[in-house]
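Chains as they are written, first to last, in my numbering: chain A, 64 to 349; chain B, 2 to 388.
FYI, nobody ran anything at the bench for these hints, they're computed from the structure.
A hint or two may mislead.
Unchecked claim - Once the Cα atoms are required to be at most 27 Å apart in a straight line, the calculated DSSO-like pairs of lysine-lysine come out as: (1) B/K328 - B/K127; (2) B/K144 - B/K227; (3) A/K127 - B/K338; (4) A/K112 - B/K295; (5) A/K112 - B/K227; (6) B/K144 - B/K63; (7) A/K112 - B/K328; (8) A/K112 - B/K364; (9) B/K227 - A/K127.
To be verified - Covered, in the sense of this in silico footprint (three residues per stretch, anywhere, with C-beta under 8 Å from a C-beta of chain A), are these stretches of chain B: (10) 83-97; (11) 111-117; (12) 198-210.
Just so you know, even glycine gets a beta-carbon here, dropped at the ideal spot from N, CA and C.
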Amino acid sequence: MSAVLFRRPWLRAVLLLSAPGAWFVLIYLTALALLFISALWSVEPFTGKLVHHWTFENFEQLFKVPAYRTIALRTIGIAAAVTITDAVLALPFAFFAVRVASKRLQSVLFVAVLIPLWSSYLVRVYVWRLILSKDGVLNWALENLGLGSLNIGYSNWAIWIVFSYIWLPFMILPIWSAFERLPDSYIEASADLGARGSQTFRTVVFPLVLPGIAAGSIFTFALTLGDFITPTLVGGAGSDFIGNVVFQNVGVANNVPFAAAFAVVPLVVMGIYLLGARRLGAFEAL
Amino acid sequence: MRLAKIDWALGAVLAVMAVGVSACGSSSNSSTSASLPTSIGAGEGQLNLVAWEGYTQPEWVKPFEKQTGCVVHAKYAGSSDEMVTLMRQGGGSQYDMVSASGDASLRLIRGGDVAEMNVALVPDWKNFIPQLQSPSHNTVDGKHYGISLQWGPNILMYNPKAISPAPTSWAAIYDPKYKGQISVPNNPIQIADAALYLSKTKPSLGISDPYELTEAQLSAAAELLKAQRPLIKKYWALASDEIELFKNNDASIGAAWPYQQSTLQADKVAVKSLIPSEGATGWADTWMLSAHAKHPNCAYKWVNWVSTAKVQAEQALSYGETPANTKACAVMETLSKGSCGVYHANAPSAYFDSIKFWKTPVKECGNGQNDCMDYTAWQQKWTEVTG
């Protein structure tokens, strides 16, 4: 049996790939196709029944109603802000952890990055709600320091802070491994040739770590783009994301076709984003 | 090769998102209601309910389970839209009953999602106030699609520590003075509250019924709500959201149900409430039976149970609403002296008639014209306001 398989590599490949291949076609491609098809249907308003009649009405709605444009731009804008924030936080952290910290401290830092991922997402978001609320920990601390109080609970600021916190590990880890792959000899060579520290960072270190940042940004950007729980829990008035509108249309208004149409928007945005990330070498860095 | 692997991983993430969106939809089939039962058979052992938060408290659910053997599973819904959607999901057989308000009940009846019920099997039905025996929101062509439960007004709730002087008008929730302290329901029917306010403060708009709005009237209400949006702390989706907002002093004034007030007061948060001078919108709820119910006997046992004077009184006091059963007044007095009057259980019918009860906005207005905006238009306007 093993000899047969050894002599016929294609058979081996077929056997290995049939299960994941079937999963891929059935679960992934079929669902995606259904998404696109149902986006072209509509719903009878009073009875809530699906009307299987081809129409571009849902997409027209998306472009015609300014509120949906605002929501899409808000979602993309906050996803971009979260990505930049996480990159700015993760870069010095990963640099310190990989190139400065002792081996012992390095493993402590690694565990510290991962620990939040062991607890429930919901718990972490609720904790932030308590921290940021008007009578919360943040304002209590600020007032005791004599700094007055901040009123950022239930706002887009709160969403930005919570997302930046939640997705930070996903940015740190790819940059961490990018730093690990950076050979010491490059930095020594740069110094030997007379480059100052900042020059070495700009011309040697940063270009080599950039694919890591791009890889991390795929996670932070995509995860923020698709989320609706954090905006629901810590957002205020005017904090709806694309995901919230999709959720409301499926779970509350029973308008699945419109939800499907709106769900196409993040898919397109992410497609464009991935093309850009690939040019920065993000896929080689993963 | 590496690239292909990565694309797979991303594909998986996107696929999960896609499944989440497309797997939830379903269309329900209407079916002709079978002939009415003439007696209640043995219970099926369980009962699945879609209910407003606070409608299935252990106080009256536990004794019911013990007495009938029907184990109650309740799913809370935050809005009438959500109730309608839940009753239609999965072919409509997932839930046996729903505590639908007047803005959902007609949609459920016309959609064929709920079945006709035999009121003769509910002895306490005869004791209901006359307006709730065969109200137009649950009785069509003489057929009863459910048993009325309780009713009450949507109130203006505020924290007297932060809001003074005490408000007397709905104008308070549109007042820039209270910017960042206001909370209202995230619900398209909230437009009716704005319309009710405008009907008194801007008579030139000619609004007579807050649920029958022409395009110009709907736009006027939406303008008022758009001006209100920057003042809003949060549009609450579940009653418990608003309770937390008031507890942490994030919100100090807002539109609420009596349930939030009684829960907050039980938690020693000193909130007050009133029905403002413009009057109030309100709800009249009905337990409706799914057209595809799997546990109809337990369902009939349940409506019998919640219609009895004792349970009606318990729910009225727990939630802070008015029972349909006129016999509940005496029980309320024994449970908590004076409560019958507080919750208007003995009020004259003029009080009932003064509340503008939730109903589904439709094209056909009461004045015989067809230029009213339907509920889809309301939903779109609401998205424009809050989005």
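Inset, instruction - Output the numbers, in ascending order, of every earlier hint that fails for this structure. - result: Hint check: 2, 3, 5, 6, 7, 12 fail, others pass.
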